[in-house]
Amino acid sequence: MAKMTMVEAINMAHAWEMAHDSSVVVLGEDVGTNGGVFRATVGLQQRFGKARVQDTPLAEGLIAGTAIGMAAQGLKPVAEIQFMGFIYPALDQIASHMARLRNRTRGRLTCPVVLRMPHGGGIHAPEHHSESLEALLCHHPGLRVVCPSSPARAYGLLLAAIRDPDPVMFLEPVRLYRFARQEVPDDGQALPLGCCFVLREGSDVTIVTWGAMTVDSLKAAEQLAADGVSCEVIDAGTLAPIDFDTILDSVVKTGRLVIVHEAPRTCGLGAEIAATVTEQALYDLLAPIRRVTGYDTIMPLYRLEHDYIPGVARIVDSVRTTLAE
Amino acid sequence: MSQQQIVAQFEIPYRACLDGDGVPLGALPAWVEDAELLRRMYRMMVRARTFDTKAVNLQRTGKLGTYPSCLGHEATHVGVGAAMHADDVLFTVYREIGTKFWRGVEMLDILLYWGGDERGTRYQQSPQDFPFCVPIGSQMPHAAGAALAIQIRDQRRCAVAFIGDGGTSQGAFYEAINFAGVRSLPLVCVIVNNRWAISVPVVAQTAAQTLAQKAIAAGIPALQIDGNDLLVVRDAIGDAVERARAGGGPTIIEALTYRLSDHTTSDDATRYRSAEELAAAHRLEPIARMRKFLQSRGLWDQANEDSLKAACSEEVDTAVKQYLATPKQSTDAMFDYVYAQLTPALRAQRDEARRYAALAH
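Going down the list, the protein sequences come from chains A and B.
All residue numbers for the first sequence refer to our numbering, where the first residue is 39 and numbers rise by one.
All residue numbers for the second sequence refer to our numbering, where the first residue is 12 and numbers rise by one.
If you are wondering where the hints come from, they were derived from the structure by calculation, not from laboratory data.
Please note that a few of the clues may not be correct.
Where chain B lies over chain A, by a calculated footprint (3+ residues, C-beta under 8 Å) [as the list claims (entries may be wrong)]: (1) 94-102; (2) 105-112; (3) 121-134; (4) 141-154; (5) 275-288.
All C-beta atoms in this analysis are idealised placements derived from N, C-alpha and C, irrespective of residue type, glycine included.
Starting from the given sequences, assemble the full structure and let the hints guide the process.
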C-alpha cells in the first residue's frame, strides 16, 4: 500500500464518496481545472465531470450560501474555502442559515454540507492565510467542527463529515498537508465524529490538543518520557460538539491537564475545555489547568509565525510547571 | 490621440397591462380569457389582505409578535405564486403572504411563525420552499444553490426568489445574480420595489435609475413592471418561469409597488413619509384595480364580493382560534432539531430545561 500525505488522503476521500454517492458535489474557487490551491481536489473534475465539480465565482459568502440551497434540494455539497482567514464573508451564511436551517424548519429542510478550509499557519503564507478561527465556529449550535491530525484521520473523518446529516466545518491543518506520509487504505471506512483520539497513553498528565499542534504535543511527550514523565496525548478530533467524556476520563486518571492550541488564548476552545473540566472534575485535579496557546495578538506575518505558534519547548515547560505544582 | 466608441448599450423595458383604474392599456395576454383563474387570483389577494389586517390587529392586542404587513403588495405576491409551478421552489423575504398562501401554506403557519413558534415553518403543501428569511438579501445565494442543483440534475424546474429594494444593496444579492448569470441558472428574481427600506427611500439607497438594471451587470435579462397590476405580474413572471424551466436562464423583474403599511408593527412610518405620498399610493393599490377590471368584464359583482369577504373573515377567524388554542412547544423543542441526533451535552441541558419548566408550572 502506498504511503500518502494528508492532502492526498483528502483527495482520496472525495473520490471514494463521489464514486459511491452521486449526490456528492464539490464546489469552490479553483477546485476544478486547477484541483484546488493545495491540490486537494485534483483530478476530480476530470473523473466526475464539470457538473459535479464546480468552479465558483470568487465569493465565499456565495459558496456557503449556494451550498445551503443545493443541500436543501437533496445534494451533498463539499465546498472548499481557500483559507480559513477568508471565512468571514461566509460567516453570515454559516451562522444565520447553515447552522439553523434544521432547527428553524423543525427538521423539514437540512444542510448536509461540508465546508473544508485550511487551518492555521506555519507555511510562510501571506497575510490572512494562517488563521486559526475554530472558536468562532464552535460557538454556533448546529455546526460540527472537525480538525484531523493525520492522513488516515483526514480520510476517515472527511468521509464521516460528508455522510453526516448536519453541516460540518472541516479544518485542515496546512502544515500537515504534506508533513508526513502514512499508509491509508482506500476502503471507504469513516471514523466516528464526536470522538477524541487518544494518540498516546500516559499516567502523569493529560495533553488535549488538535490539528497541527498534535505533532508538537507528541514530540513534547516523547521528550518528557526521556525524563520519566508519562503524558497522555488526546487529539480532540471533533471540536464541536466535543467529546468531553474521553477528556474527563483521562484527567481523572492523570490529575493534570495541559491544553494546547494554535488559536489565540482569550475565548479559545481551551477555555471551554478548562471550564468544563473544572466544573466536572475539579477534585480530581492535582494542579491548576494550564493552556499553551497562540498569543492574543494578530497572527504575525511569516517571519514571526513560529514565535507565535506554540512549539515543543512551551508545551514541555507547561507540563513541567503543572507537575511541579 | 484616443478613440472612443460605445461598446455596449442596454435598455430596461417597462410593462403594464392595466391602468390605475383597471382599464386595459392594450391587448391582454391570452390567458386572461381564463375567468376562473382571474377570480382565483383576485380571491387570493383579498384573502391575503383579510389575513394581514387581522394579523396587525392581533399584534396590537398583544396576541402576536412583531409582524410585517403585506398591505399593498398583494398583486406582486399573488401574481408570482400564480406564475409558479408546484414543483418550483420559493425563496421569500418575510412579507410574501400571498405567494405562500397560493402555494398552500396555511394561515395557521404564518400566525405560529410570527407568534414565536418554529412550527410555523412546516409548509406541508410546499415542502421544498424555504421559510421566511429575515437577514436581508441572504436568501439569494440559497436560491442560486437550488437553481444550481436543478441544473445539475437536468430537471425542468426553477427557483424563484424575492428580494426588496433595500435588499439589492446587499453583497449577497450581487453575488447570487452574478452566479446565476454566468451559469445561466434556472432562477427568477423578483425585486419588490415598495419604495421604502424601513425609513430609507429608494433614492437614498442607490443612484441607479431602476433596480432592474442591476441585472445588466450580471448579464441577465431584466424588466420593470407595474407590481400593482396583477395581470402583468402573473404574465411577466410566468414568461420568466417558463424560460427558466426550459433552460433559458435567469430573469430579474423589478415590480414597482408601494408599502402602504408601516415596515412592521414596531415601526411608525409617519416619522419619515408624508400623508400626501401615502394617499397617492393608496389610489394605485392593487385590489380595487383588479376588482374594477373583473367588474368591467362582467366577472364579478357585489354579491361575489360580499360572499368572498364573509368567507375570508370566517377562514381567518378559524385560523386565529386554532393559533390561540395551540399550546407552546415543550422546552424539548429547543433541543430536538439542533442536530439530527441529540448530543450528550445537549441532553443534559434539555433535562435541565425540563426541570425548570416543571418548576415554573
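Hints, one by one, checked against the model:
1. 94-102: Three-residue rule met by the region 94-102 of chain A, so holds; n is 6.
2. 105-112: Held - the region 105-112 of chain A has 8 residues with a Cβ nearer than 8 Å to chain B, which meets the minimum of three.
3. 121-134: Three-residue rule met by the region 121-134 of chain A, so holds; n is 4.
4. 141-154: Satisfied; 8 residues make the cut.
5. 275-288: It holds: at least three residues are needed, and the region 275-288 of chain A offers 3 whose Cβ sits within less than 8 Å of chain B.
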